[in-house]
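Sequence positions in the sequence shown follow my numbering and run 1 to 127.
Honestly, the hints are just simulated from the structure, not real lab data. Please note: incorrect hints may appear among the correct ones.
[As the list claims (entries may be wrong)] In silico lysine-lysine, BS3-like type, Cα no more than 27 Å apart, as pairs:
1) 23 x 103
2) 103 x 8
3) 105 x 74
4) 36 x 74
5) 112 x 74
6) 74 x 34
7) 34 x 8
8) 36 x 103
9) 74 x 103
10) 105 x 34
11) 105 x 8
12) 105 x 36
13) 103 x 34
14) 34 x 23
15) 23 x 112
16) 8 x 36
17) 34 x 113
18) 23 x 74
19) 8 x 74
20) 36 x 23
21) 36 x 113
Only a predicted model underlies this, so the values are computations on that prediction, with no experimental measurement involved.
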Amino acid sequence: MYKNGSIKIELSSPPLTVGNPLKNAYSMQNVLNKSKASFVLFPELCLSSYTAGDLFFETTFLEQNFQALDWLLKNNSFEGVYILGMPLALHEVLFNVAVIIQKDKILGITPKKTIPNYKEFSEKRWF
Numbered sequence: 001m002y003k004n005g006s007i008k009i010e011l012s013s014p015p016l017t018v019g020n021p022l023k024n025a026y027s028m029q030n031v032l033n034k035s036k037a038s039f040v041l042f043p044e045l046c047l048s049s050y051t052a053g054d055l056f057f058e059t060t061f062l063e064q065n066f067q068a069l070d071w072l073l074k075n076n077s078f079e080g081v082y083i084l085g086m087p088l089a090l091h092e093v094l095f096n097v098a099v100i101i102q103k104d105k106i107l108g109i110t111p112k113k114t115i116p117n118y119k120e121f122s123e124k125r126w127f
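Please take these sequences and the hints and turn them into a complete structure.
So this is what it looks like as structure tokens:
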């Protein structure tokens, strides 16, 4: 993890399946369990997949994201810090968030602040 005064950071874009947070958590677990880095950074909305579209409005889908996050927290051997993206509903407002995690502890959650709404990006429809 830490060698010769350097910290290794891994940027990972594992294979994801739209609408299947648990399968996506399995993909992330595979990366984490093999990683030799201190930090692993996953893409925005990687737990749900970025292109989940109107699934973001489904309560069941949002619950599946939490279940997948809980599963990932309990089922990886990675000792470093990792960041993953997921949708989060709070007080009936939906956020696109980054979850900062170390081992099985959530260190923080931060929402995306600049939501694009141009060309192929229509995130303001959901977030």
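Here's how the hints hold up against the structure:
no. : hint     : verdict
1   : 23 x 103 : holds, 19 Å
2   : 103 x 8  : holds, 17 Å
3   : 105 x 74 : holds, 9 Å
4   : 36 x 74  : holds, 19 Å
5   : 112 x 74 : holds, 26 Å
6   : 74 x 34  : holds, 16 Å
7   : 34 x 8   : holds, 14 Å
8   : 36 x 103 : holds, 14 Å
9   : 74 x 103 : holds, 8 Å
10  : 105 x 34 : holds, 19 Å
11  : 105 x 8  : holds, 21 Å
12  : 105 x 36 : holds, 19 Å
13  : 103 x 34 : holds, 14 Å
14  : 34 x 23  : holds, 17 Å
15  : 23 x 112 : holds, 24 Å
16  : 8 x 36   : holds, 8 Å
17  : 34 x 113 : violated, 32 Å
18  : 23 x 74  : holds, 15 Å
19  : 8 x 74   : holds, 24 Å
20  : 36 x 23  : holds, 23 Å
21  : 36 x 113 : violated, 31 Å
Hint violations for this structure: numbers 17, 21, all remaining hints satisfied.
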